[in-house]
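Peer 1: With the sequences and hints as input, model every part of the structure.
2 protein chains.
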Amino acid sequence: MEPFFSLLTKHVDKSASLLCVGLDPHPSDLPAPTAKAALDFCLRLVTTTAQYAAAFKPNAAFFEMHGPEGWSALKEVITGIRTESARLGVNIPIILDAKRGDIPSTGYAYAISAFEKLGADAITLSPYLGRDSLEPYLAYPGKGVFLLCKTSNPGAADMQDLTVSAGTNASMPLYEYIAHLAQSWNTADNIGLVVGATQPEALARVRQAAAETWLLVPGVGSQGGDLEIALRSGLRRDGKGMLINVSRSLAHAQDPALAAAELCHQIAEIRQSMM
Amino acid sequence: MEPFFSLLTKHVDKSASLLCVGLDPHPSDLPAPTAKAALDFCLRLVTTTAQYAAAFKPNAAFFEMHGPEGWSALKEVITGIRTESARLGVNIPIILDAKRGDIPSTGYAYAISAFEKLGADAITLSPYLGRDSLEPYLAYPGKGVFLLCKTSNPGAADMQDLTVSAGTNASMPLYEYIAHLAQSWNTADNIGLVVGATQPEALARVRQAAAETWLLVPGVGSQGGDLEIALRSGLRRDGKGMLINVSRSLAHAQDPALAAAELCHQIAEIRQSMM
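Listed in order, the protein sequences are those of chains A and B.
Under numbering that gives the first Met the number 0, the residue at position 11 of the first sequence is numbered 10, and the numbers go up by one with no gaps.
Under numbering that gives the first Met the number 0, the residue at position 216 of the second sequence is numbered 215, and the numbers go up by one with no gaps.
To be clear, the hints were calculated from the coordinates, so they are not data collected in a lab.
Among these hints, one or two may not hold up.
Copies of the same chain are indistinguishable here, so a pair counts whether it falls within one copy or spans any two.
[What the hints assert, rightly or not] Derived lysine-lysine pairs resembling DSBU-like cross-links, with alpha carbons at most 35 angstroms apart:
hint : residue 1 : residue 2
1    : LYS35     : LYS74
2    : LYS9      : LYS74
3    : LYS13     : LYS116
4    : LYS13     : LYS239
5    : LYS74     : LYS116
6    : LYS35     : LYS116
7    : LYS116    : LYS239
8    : LYS35     : LYS13
9    : LYS239    : LYS74
10   : LYS116    : LYS9
11   : LYS74     : LYS13
In this text the structure is predicted, and so the values were computed from the model without any measurement.
Peer 2: Here is the structure:
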């Protein structure tokens, strides 16, 4: 079976897009704080933005908060993405943003949830439990993981910026060490990294540490990250290797299709100017 | 409202127990891989071991893997613990083992899930996103969090044993730094740590770094941790401050009540010998 990042690259080429559409049904954005409202909110975003989407990223928390009905809604959102993909004749990868991370015997159950029950193509994971904690996910052919590396929140600095001694005499921030680890662990083209756009100098360091690795980049727009600076800091030399995740500014747009098209156009222009 | 660790301490005193009964319905331990079988498995453990339990710890993964029905079963398990507690005239704290960790605006949704929808009293969290990622949980009066510090799996070493520079001239393993952070953050008696029993020297270092902090300690029994060494390494001077989590060896026992009673007795004897 084709590795996850090979499948992603195919769709990135076909769609000429690096835009990841985040599906974060915050209750404050819904007419009512219910699973049904979360579902409707997401399906509207899916149908209006699918033709511009390099990937979709549903956020498990905003479904989990509704209990069993929320999990049914999350499954329906994923089914809705598959339906819309089929209608467009494409295969849009689905990244479950769940940030799980547990010992292998427990990770095995989370992997069943993400890949078998929900049918996602990839999942975000915490790196804190180390290499063996990824194995249950990496055992699925064609599936992928994105490891948290440098997150977009202010508290990220508490741990991720700590200076670690790595081997003989090198020292570096912990997030950069994770980037090196991910690059070395990624022998089957199925491990990427999550790096926020709010700190472009960190993006650049990660890109240097992990020259080939795909980066999932939240934080552009409502969290304050600048699109052009982020792309210039993190794109690979081939103009790929980054998914720019946008959630709230699409959801809040009067016309999400137009907003997605404009974002795609901006990204394409910046990529073009860099080649 | 009384802080979480004050409530826990009261029940520890009343039950004279430090035994945390882990509810991990691994599919391989069930007659069928279904949510109903997971529920029955857990309710049997709850009713047979409640009188010996200082706390219960259901593991979200083994419910999540069954989809919406799994989340309904998890809620029923928690309701079952409350019913059994009421029958015994006690208040047994429930720790949701979920190892979540996300930016605050997402953590807020996970906190609703854990504390409002499911009704747990505490949750396990990853520390990787830093102090602000804990705030949505700590905002709930009477609720608590346990931060992953040193986990019981072999891969834990990949990150948790890295040497970090902390401030002027101190350097220490990352897990020990987390222990210092947790101790300093724990101004409202609602932050504990998860430290595996498989590496007692780490337990001892954590206890030294965080003299007052409650430790949730998995890994005794099937994962190879030794009960007596763990207690001698991690107990506070008052003979408290540790929850010894046991899951599979109780679940696999022919008579889980007897097995729980024996574990309690062993723990009490070791505590006694140390006082």
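Peer 1: Could you run down the list of hints and mark each one as holding or not?
Peer 2: Verification of the hints:
1. LYS35 <-> LYS74: both (12 angstroms within a copy, 20 angstroms between copies)
2. LYS9 <-> LYS74: Classified as within; 25 angstroms inside a copy, 42 angstroms across copies.
3. LYS13 <-> LYS116: within (28 angstroms within a copy, 42 angstroms between copies)
4. LYS13 <-> LYS239: Answer is within; shortest intra-copy Cα gap is 13 angstroms, inter-copy 61 angstroms.
5. LYS74 <-> LYS116: both (8 angstroms within a copy, 19 angstroms between copies)
6. LYS35 <-> LYS116: This pair counts as both: shortest intra-copy Cα distance 20 angstroms, inter-copy 16 angstroms.
7. LYS116 <-> LYS239: Classified as within: same-chain Cα gap 30 angstroms, cross-chain 41 angstroms, threshold 35 angstroms.
8. LYS35 <-> LYS13: Within one copy, since 32 angstroms is at most 35 angstroms while 44 angstroms is not.
9. LYS239 <-> LYS74: Within one copy only: 29 angstroms inside, 44 angstroms across.
10. LYS116 <-> LYS9: So LYS116 and LYS9 pass the 35 angstroms test inside one copy only (25 angstroms; across, 40 angstroms).
11. LYS74 <-> LYS13: Answer is within: at 26 angstroms inside a copy they meet the 35 angstroms cutoff, but 44 angstroms across does not.
Violation of the numbered hints given earlier is absent; every hint is satisfied by the structure.
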